[in-house]
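K.L.:
One-letter residues, chain by chain:
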Amino acid sequence: MNAYRGIGLSLAFAGAILTALTYFFLGIMPLVALWIGILVIGVSMFITPEEQIKKEDLLAVVEDMLSNLSMLFEAVGVSSVATYVSYGDSVYAFVSEKPIEKPPKEPPRSMLVNLGYTKALVLRSPLSSISDKVLAEGSDMSTAASYVLVELLEIADDVMCNEEAEVISCSITNPKLSTPARLEKTLGSVYGSILASIAASVYSCPVVLVHEEESRGKRMVVLRKIRNE
Amino acid sequence: MNKNYLANTIFTVMVMLTSSIFWILGETRVDAYFSMYTLEYFVVKALLNPRRLYKDFLAFVLLAIFAVIVGYRVYEVLI
Numbered sequence: 001m002n003a004y005r006g007i008g009l010s011l012a013f014a015g016a017i018l019t020a021l022t023y024f025f026l027g028i029m030p031l032v033a034l035w036i037g038i039l040v041i042g043v044s045m046f047i048t049p050e051e052q053i054k055k056e057d058l059l060a061v062v063e064d065m066l067s068n069l070s071m072l073f074e075a076v077g078v079s080s081v082a083t084y085v086s087y088g089d090s091v092y093a094f095v096s097e098k099p100i101e102k103p104p105k106e107p108p109r110s111m112l113v114n115l116g117y118t119k120a121l122v123l124r125s126p127l128s129s130i131s132d133k134v135l136a137e138g139s140d141m142s143t144a145a146s147y148v149l150v151e152l153l154e155i156a157d158d159v160m161c162n163e164e165a166e167v168i169s170c171s172i173t174n175p176k177l178s179t180p181a182r183l184e185k186t187l188g189s190v191y192g193s194i195l196a197s198i199a200a201s202v203y204s205c206p207v208v209l210v211h212e213e214e215s216r217g218k219r220m221v222v223l224r225k226i227r228n229e
Numbered sequence: 001m002n003k004n005y006l007a008n009t010i011f012t013v014m015v016m017l018t019s020s021i022f023w024i025l026g027e028t029r030v031d032a033y034f035s036m037y038t039l040e041y042f043v044v045k046a047l048l049n050p051r052r053l054y055k056d057f058l059a060f061v062l063l064a065i066f067a068v069i070v071g072y073r074v075y076e077v078l079i
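Heads up: the protein sequence lines correspond to chains A and B, in order.
With the first letter of the first sequence counted as 1, position 124 gets the number 124 in the working numbering; the numbers rise by one all the way through.
With the first letter of the second sequence counted as 1, position 11 gets the number 11 in the working numbering; the numbers rise by one all the way through.
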């Protein structure tokens with residue numbers, strides 16, 4: 001029960017008690033009517049539900065939508081390498097047969113782009129709209145990942161990221177969202193997409209989602225930076 | 001503001017105004033106050049349609065009491 005409903009219940013009880021006391025001991029009818037009004041208000045507040053949609057529910061909707069896209073990718077035979085590229089205030093995911101070594105300089109305007117050496121489907125990353133906010137939290141990958149997954153979205157208990165040369169390994173403790181297998185094979189899970197988007201923003205270079213694995217309450221996400229010469 | 005909370009806030013203001021105005025006018029019949037509360041509750045419900053956790057049993061209770069009050073008044077007139 002939230003505070004609002006608690007206050008409603010208190011008002012209802014107080015209204016009921018005061019109605020009885022005033023009626024039997026004071027006999028002031030307008031005051032009795034006022035307490036009855038407070039009783040009705042209290043009950044009305046008590047039966048009002050909490051409005052906020054839980055973050056998990058919201059992310060489950062996002063996950064379902066991504067899952068549908070993955071099914072579409074599978075149906076049209078798009079392969080399974082997702083490269084995340086940051087364009088300042090937005091992040092795009094390029095789904096192609098091989099990693100995008102040289103992404104376009106400008107954000108793509110169509111969903112399908114031909115880069116010469118490969119074709120790619122382009123989608124805005126789920127984290128695209130808040131990438132600025134993430135960068136404002138600091139330029140450290142671990143800090144930014146922890147801020148988004150643990151504090152902002154509350155979908156994990158902890159995130160630790162280690163960087164070794166071009167490879168970034170992130171360990172997510174107690175991930176709270178399940179991920180359909182087909183989503184993992186194309187765009188990556190919600191966790192993978194978010195971490196790859198953060199990495200692309202933080203390092204300002206294309207980032208490939210290399211591998212994801214979940215076991216015993218931990219999810220490992222492996223990313224690889226592609227340095228542009 | 002959230003629609004559900006707004007409905008409760010408007011209803012509260014209406015109840016407080018009703019109580020004050022009727023009191024100033026010297027109204028002492030509790031059923032008159034109660035009928036107004038019921039009317040206000042249904043006006044707010046019709047306009048904002050706030051969500052409820054369970055079935056809106058408050059509306060049923062208010063309507064039932066209102067029906068009893070009206071029935072009693074009609075009975076008084078007829079006798």
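Treat the hints loosely; a few may be bogus.
Stated by the list, open to error - Short derived list, chain A residues pointing at chain B, Cβ under 8 Å:
| id | residue |
| --- | --- |
| 1 | Val32 |
| 2 | Ser44 |
| 3 | Leu72 |
Think of the hints as simulated: they come from the structure by calculation, not from any bench.
No residue lacks a Cβ here, since even glycine has one placed at the ideal position from N, Cα and C.
K.L.:
Is the shortest C-beta separation between Val32/A and chain B less than 8 Å?
P.N.:
Check passed: Cβ of Val32/A comes within 6 Å of chain B, closer than 8 Å.
K.L.:
Would the hint on Leu72/A stand, with a C-beta cut-off of 8 Å toward chain B?
P.N.:
Violated, because the Cβ-Cβ distance from Leu72/A to chain B comes to roughly 35 Å (cut-off 8 Å).
K.L.:
With a cut-off of 8 Å, does the beta carbon of Ser44/A approach a beta carbon of chain B closely enough for the hint to hold?
P.N.:
6 Å, holds
Hint check: a violation occurs at hint 3 only; the rest are consistent with the structure.
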